[in-house]
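Let's have the full structure, built from the sequences with the hints guiding it.
There are 4 protein chains.
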Amino acid sequence: VATPELPRIAKRLSRRTLTVRRAGLAIGLGTLVITVGAGLAMWLLDHEEFPNLGLALWWAVQTVTTVGYGDVTPKSDRGRTIATFVMLSGIGLVTVVTASITALFVEAARRRLRIESDRARDARFDQIEQTLARIEAALRERGPT
Amino acid sequence: VATPELPRIAKRLSRRTLTVRRAGLAIGLGTLVITVGAGLAMWLLDHEEFPNLGLALWWAVQTVTTVGYGDVTPKSDRGRTIATFVMLSGIGLVTVVTASITALFVEAARRRLRIESDRARDARFDQIEQTLARIEAALRERGPT
Amino acid sequence: VATPELPRIAKRLSRRTLTVRRAGLAIGLGTLVITVGAGLAMWLLDHEEFPNLGLALWWAVQTVTTVGYGDVTPKSDRGRTIATFVMLSGIGLVTVVTASITALFVEAARRRLRIESDRARDARFDQIEQTLARIEAALRERGPT
Amino acid sequence: VATPELPRIAKRLSRRTLTVRRAGLAIGLGTLVITVGAGLAMWLLDHEEFPNLGLALWWAVQTVTTVGYGDVTPKSDRGRTIATFVMLSGIGLVTVVTASITALFVEAARRRLRIESDRARDARFDQIEQTLARIEAALRERGPT
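Line order of the protein sequences matches chains A, B, C and D. Position 22, counted from 1, in the first sequence is what this note's numbering calls 22; the numbers after and before it change by one each time, with no gaps. Position 48, counted from 1, in the second sequence is what this note's numbering calls 48; the numbers after and before it change by one each time, with no gaps. Position 21, counted from 1, in the third sequence is what this note's numbering calls 21; the numbers after and before it change by one each time, with no gaps. Position 144, counted from 1, in the fourth sequence is what this note's numbering calls 144; the numbers after and before it change by one each time, with no gaps.
Calculated directly from the structure, the hints in this document are not laboratory data. Note that the Cβ used here is the ideal one computed from N, Cα and C, for glycine as well. One thing to keep in mind: the hints can contain errors.
To be verified - Stretch by stretch, here's where chain D covers chain A in the computed footprint (C-beta under 8 Å, at least three residues):
#, stretch
1, 93-101
2, 125-131
Claimed, not checked - The list that follows gives simulated cross-link-like pairs (lysine-lysine, DSBU-like), each with its CA atoms no further than 35 Å apart:
#, chain 1, residue 1, chain 2, residue 2
3, D, 75, C, 75
4, B, 75, A, 75
5, C, 75, B, 75
6, D, 75, A, 75
7, D, 75, B, 75
8, C, 75, A, 75
Unchecked claim - DEER-style ranges, computed between Cβ atoms:
#, chain 1, residue 1, chain 2, residue 2, range
9, B, 129, A, 33, 57 to 63 Å
10, A, 127, C, 29, 51 to 57 Å
11, D, 29, C, 36, 29 to 35 Å
12, D, 33, A, 129, 56 to 62 Å
What follows is the structure, encoded as structure tokens:
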């Protein structure tokens, strides 16, 4: 199994303390960026139904977040195709972001637990090595018989 | 990687047994608090479209939970801007809460598994230390030749 | 940290092989049960707006799954209060179920990895114990000098 | 606990580097496949309300992704029963996919961490075995007294 390439935002976040607040903020901002992209795409490619950028952005945010009020929806085949693409991307995005953030949280918690366990193990190894050093010294003291 | 700062509610939950029921309850209550905040904000800042607090709360709960019936929606730019903020916060919140709860569940399960493994390891270390103690005693018994 | 009390369905699932298919099925069935409960509650407590059980169930399924078409929605305060409760429970449920299933998947994968690691460790311990047994035998052979 | 049978797509993904981009793409494509299945089912089984395949697909994508605009909804009992099945499958699917992807991410991160820890452990074992070999050689050198 290869290492997952966590998104750059997540990596940056983990370098400076990954707090829950920062993770939530990053997700909110990331969603905003995708929303703006979806709104711009709809406005440019289905200009007849969405002549107003504000309207396209309002449609985009309720689509990407899966709220879907339905007060503004595309009626043309072209608009519905764009919307389908936006919805599928939205699902893919939310799932992957949730998985990445969860993995980062789990990894941080595990690292803490692992350090405790490894420290306990190393203490036992140290003790055994000291005993072995004493045994070796005792044998050497006598010299070859 | 730094340690994630799990929300205080989650930490409290984990101190007394983190049951699935309690986690679910905490999430439901947390969502309720955010809903009330969103409803109050809409009622105060877009008073023309939401003159009734009950209506604003009804809009807020279907927005934060991403149900989005669409029977009550803001039409003004101001209302839609507030709604956009609520939706983005909602997505950030749900994702981060899911990640935190999952990390807590995973950590609890791992701790149990780790304890078993560490106990097995320590038993083996104990045995080796006893053997080493016997060897050292045997060497000491003879004294320097 | 205490052990999370995974829901009984999840525990049962994990006893016999927890396949992805079974987990998905269990979630679908669990959601169905909650939907029927929500539909019955709406039909019994807001009988004026939902005189038909079929209609109440149709409302319930699109609410619990957060689809929220909005073709059937409560208009009275009583109905909206019940709906609020259903939505909050829905969010709590989906989050907790996702977290539990994820923890079960992670635990199963870890158990496999842990077994490999513990086996390697025990092989090394076995080797050391054999060497120690030979050393002790060599010392005993000579008898006290 | 048995090993979870991660979906074939996920397994394939993990064989060649599981990047976040690939995981997101796989989820988007998987959702598309289920959407097409749901749209075809609705079009075939509720032909009166959905005489147009395009309309059925448009309904399917907003249902599976839980956006639920509500501009196109089934009104007949037959159509609503099919829709209920699609919604429950959608919830089951999204939850299980999120859990699987998360488990894969967590496993990959853990494997990396585990390798570090196991390497440190093996270095200590190597050192102890070398010391034991020297002790044994020293004892053998003297021969039986």
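Inset, instruction - Would you list, in rising numerical order, the hints stated earlier that this structure does not obey? - result: Violated hints: none; all satisfied.
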